[in-house]
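Engineer: Below, each chain spelled out in residue letters.
Number of protein chains: 2
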Amino acid sequence: MLKGKIAKLAVSDVRFPTSLEQHGSDAMHANPDYSAAYVVIETDDGLKGYGITFTVGRGTEIENEDGRGEKGHSEPPRSGMKRGHKKEMLKEGYPAYTTSCAWLGYSDQQLTQLCSTALTEGWTKFKVKVGADLQDDIRRCSLIRKMIGPENSLMIDANQRWDVAEAISYVTKLAEFRPLWIEEPTCPDDILGHAAISKALAPLGIGVATGEQCHNRVMFKQFLQASALQFVQIDSCRVGSVNENLAIMLMAAKFRVPVCPHAGGVGLCELVQHLILFDYISVSASLENRMCEYVDHLHEHFKSPTVIRNAHYMPPKDPGFSSEMFDESVQKHQFPHGEVWRSILEKNGS
Amino acid sequence: MLKGKIAKLAVSDVRFPTSLEQHGSDAMHANPDYSAAYVVIETDDGLKGYGITFTVGRGTEIENEDGRGEKGHSEPPRSGMKRGHKKEMLKEGYPAYTTSCAWLGYSDQQLTQLCSTALTEGWTKFKVKVGADLQDDIRRCSLIRKMIGPENSLMIDANQRWDVAEAISYVTKLAEFRPLWIEEPTCPDDILGHAAISKALAPLGIGVATGEQCHNRVMFKQFLQASALQFVQIDSCRVGSVNENLAIMLMAAKFRVPVCPHAGGVGLCELVQHLILFDYISVSASLENRMCEYVDHLHEHFKSPTVIRNAHYMPPKDPGFSSEMFDESVQKHQFPHGEVWRSILEKNGS
Numbered sequence: 004m005l006k007g008k009i010a011k012l013a014v015s016d017v018r019f020p021t022s023l024e025q026h027g028s029d030a031m032h033a034n035p036d037y038s039a040a041y042v043v044i045e046t047d048d049g050l051k052g053y054g055i056t057f058t059v060g061r062g063t064e065i066e067n068e069d070g071r072g073e074k075g076h077s078e079p080p081r082s083g084m085k086r087g088h089k090k091e092m093l094k095e096g097y098p099a100y101t102t103s104c105a106w107l108g109y110s111d112q113q114l115t116q117l118c119s120t121a122l123t124e125g126w127t128k129f130k131v132k133v134g135a136d137l138q139d140d141i142r143r144c145s146l147i148r149k150m151i152g153p154e155n156s157l158m159i160d161a162n163q164r165w166d167v168a169e170a171i172s173y174v175t176k177l178a179e180f181r182p183l184w185i186e187e188p189t190c191p192d193d194i195l196g197h198a199a200i201s202k203a204l205a206p207l208g209i210g211v212a213t214g215e216q217c218h219n220r221v222m223f224k225q226f227l228q229a230s231a232l233q234f235v236q237i238d239s240c241r242v243g244s245v246n247e248n249l250a251i252m253l254m255a256a257k258f259r260v261p262v263c264p265h266a267g268g269v270g271l272c273e274l275v276q277h278l279i280l281f282d283y284i285s286v287s288a289s290l291e292n293r294m295c296e297y298v299d300h301l302h303e304h305f306k307s308p309t310v311i312r313n314a315h316y317m318p319p320k321d322p323g324f325s326s327e328m329f330d331e332s333v334q335k336h337q338f339p340h341g342e343v344w345r346s347i348l349e350k351n352g353s
Numbered sequence: 004m005l006k007g008k009i010a011k012l013a014v015s016d017v018r019f020p021t022s023l024e025q026h027g028s029d030a031m032h033a034n035p036d037y038s039a040a041y042v043v044i045e046t047d048d049g050l051k052g053y054g055i056t057f058t059v060g061r062g063t064e065i066e067n068e069d070g071r072g073e074k075g076h077s078e079p080p081r082s083g084m085k086r087g088h089k090k091e092m093l094k095e096g097y098p099a100y101t102t103s104c105a106w107l108g109y110s111d112q113q114l115t116q117l118c119s120t121a122l123t124e125g126w127t128k129f130k131v132k133v134g135a136d137l138q139d140d141i142r143r144c145s146l147i148r149k150m151i152g153p154e155n156s157l158m159i160d161a162n163q164r165w166d167v168a169e170a171i172s173y174v175t176k177l178a179e180f181r182p183l184w185i186e187e188p189t190c191p192d193d194i195l196g197h198a199a200i201s202k203a204l205a206p207l208g209i210g211v212a213t214g215e216q217c218h219n220r221v222m223f224k225q226f227l228q229a230s231a232l233q234f235v236q237i238d239s240c241r242v243g244s245v246n247e248n249l250a251i252m253l254m255a256a257k258f259r260v261p262v263c264p265h266a267g268g269v270g271l272c273e274l275v276q277h278l279i280l281f282d283y284i285s286v287s288a289s290l291e292n293r294m295c296e297y298v299d300h301l302h303e304h305f306k307s308p309t310v311i312r313n314a315h316y317m318p319p320k321d322p323g324f325s326s327e328m329f330d331e332s333v334q335k336h337q338f339p340h341g342e343v344w345r346s347i348l349e350k351n352g353s
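Residue numbers (the working numbering), protein chains in the order written: chain P, 4 to 353; chain H, 4 to 353.
Keep in mind that a hint or two might mislead.
Pairs involving identical chains hold if they fit within one copy or between any two copies, as the list cannot separate such chains.
Capping the alpha-carbon separation at 30 Å, the derived lysine-lysine pairs in DSS-like fashion look like this [to be verified]:
#1 350 <-> 11
#2 8 <-> 350
#3 176 <-> 94
#4 350 <-> 85
#5 202 <-> 257
#6 335 <-> 202
#7 335 <-> 89
#8 85 <-> 202
#9 306 <-> 6
#10 51 <-> 8
#11 94 <-> 257
#12 176 <-> 51
#13 90 <-> 149
#14 6 <-> 94
#15 94 <-> 202
These are computed hints drawn from the structure, not numbers from a lab.
Put together the whole structure using the sequences plus the hints.
Structural biologist: And the structure:
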């Protein structure tokens, strides 16, 4: 048990100017600056705790969660299985997919080059941002599918761009590229809309993935009850932290729907790898249709950055939630008075 | 068209210490201080605009709404009908119900006295807060039903206190008091849960009412699609202002579900009366099962306070949205440096 009292609490508004190079661009966010509300708590006996919430530059988001219960159960694998799965993870890691190749703002030349590099690095699962322009998306998906071949996986992500009927019609036109899922086809609150889309796309072999904008377990409960998603995309920062995510993982197991976490924003890969390893070792015990998102940027600001080997997340070996940033990174990227932002804002004459 | 430019914008954190007398207490909020984020915009040619968002003392809430479309339609009544309805409203007003008699923290003696006064003032529809303790609620509902007689309306409000099965079982035990609706029986995000509750309570003649915590039209769309509510409780401040509420009223009309607005918080009665009059005159053209909440406090701080006559909202005659507060009220109730709060905080030794 901890004995110290909280003696200090510091909050920093840390922002990275990712929009300058279109990293992170999608159908809803043309110019996102990946950012974090970063909290450091210190106790009077010298311990420190680090917490992070991802934003796209519009400030701190705090999720208030009431503490009421929700039902959910799973059949945990026997401890022998657990040990086997732990060993497997330590050796091979948890399968990842990459979103770094095909942000919406990238040129075809960039796509081709990034995809080619990723293939040589061993990546087999690729996500493509879609939803701004159909002809553009057909060209981009065709390009990627040709490069990765018929065996590798392709997923598409519309970032909530469409209405329900529009989503069905649009995705049907991309079915020839055999996407495993369409992610965030419409408003993330529209459970019944997602159910209609799921039903319409099932005959095409395309699942619906969503969850990164789901604000609590009650929303996930309904998505599962209504068969409105086929891939549960938990996020380490959106809901009320670890406990709320555990409830969601247990419900997903009950409904036999795979958990494929959202990641990519500042610190999200670092955090969510802990949750998905727990899911595999202690809850789902399966890798079927399961993978965790990976985006290859901003990891250098963390003291225990994610380690990717052969397109797999290797289990973190340092203690903690991998959430501690380097002091220097925090200082430099403070908004608006850190060195990086002073220089950008001066250039823009503001 | 407005010609001036915005020259000044002032935001005040205005709080009223309502918790001192248990006004506003319910099953989820034992000690709410009714508060408002109050915004005044001034243009360089001297115009002023006043905006308000209700909170329970935990600060400003700002709803960011994207601008995407949702479908909905209604058949507007003919203009002759409209004129008739306008006249009717000017003469008789819009029916209201009172929540002022039965806050959860009031004693039985207080209930009896307030209810008795309300009856002599012409009130016929009464809401009772429930959900903390069943025996307590049975006693309170029995008391109120006896006082108001069999013809008047009684509604109950649990402020999200229960799980789904718990709500059904609890309300079934209050059915003998013939509540017209149970309000917020469970988590306000749980559309499918509300559908299950609606289905279970329909044979008892009890409807489900919700909406004050619904954050956008997409949530209302699903509540309506799933037959998850029988009374649509729009709120003037929760969603993206007037336009979003119009979309919700039009959807309610399409599904033939009555709109019975939430009100009571600082300024909510002042604002929502405009919306419900529009609903009657231009959308629903019906008063069947329709009424608007009223709470009798804090109106004295507004320049154009609501006028209640014989338990009806009388149409406001001043121009505008009735949202302007007296400067003196704003000054005195600024948190934490206004006169009222300085004195309370000093007493509490903080």
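Engineer: Where does the structure disagree with the numbered hints, that is, which hint numbers, in rising order?
Structural biologist: 3, 4, 6, 7, 8, 12, 13, 14, 15
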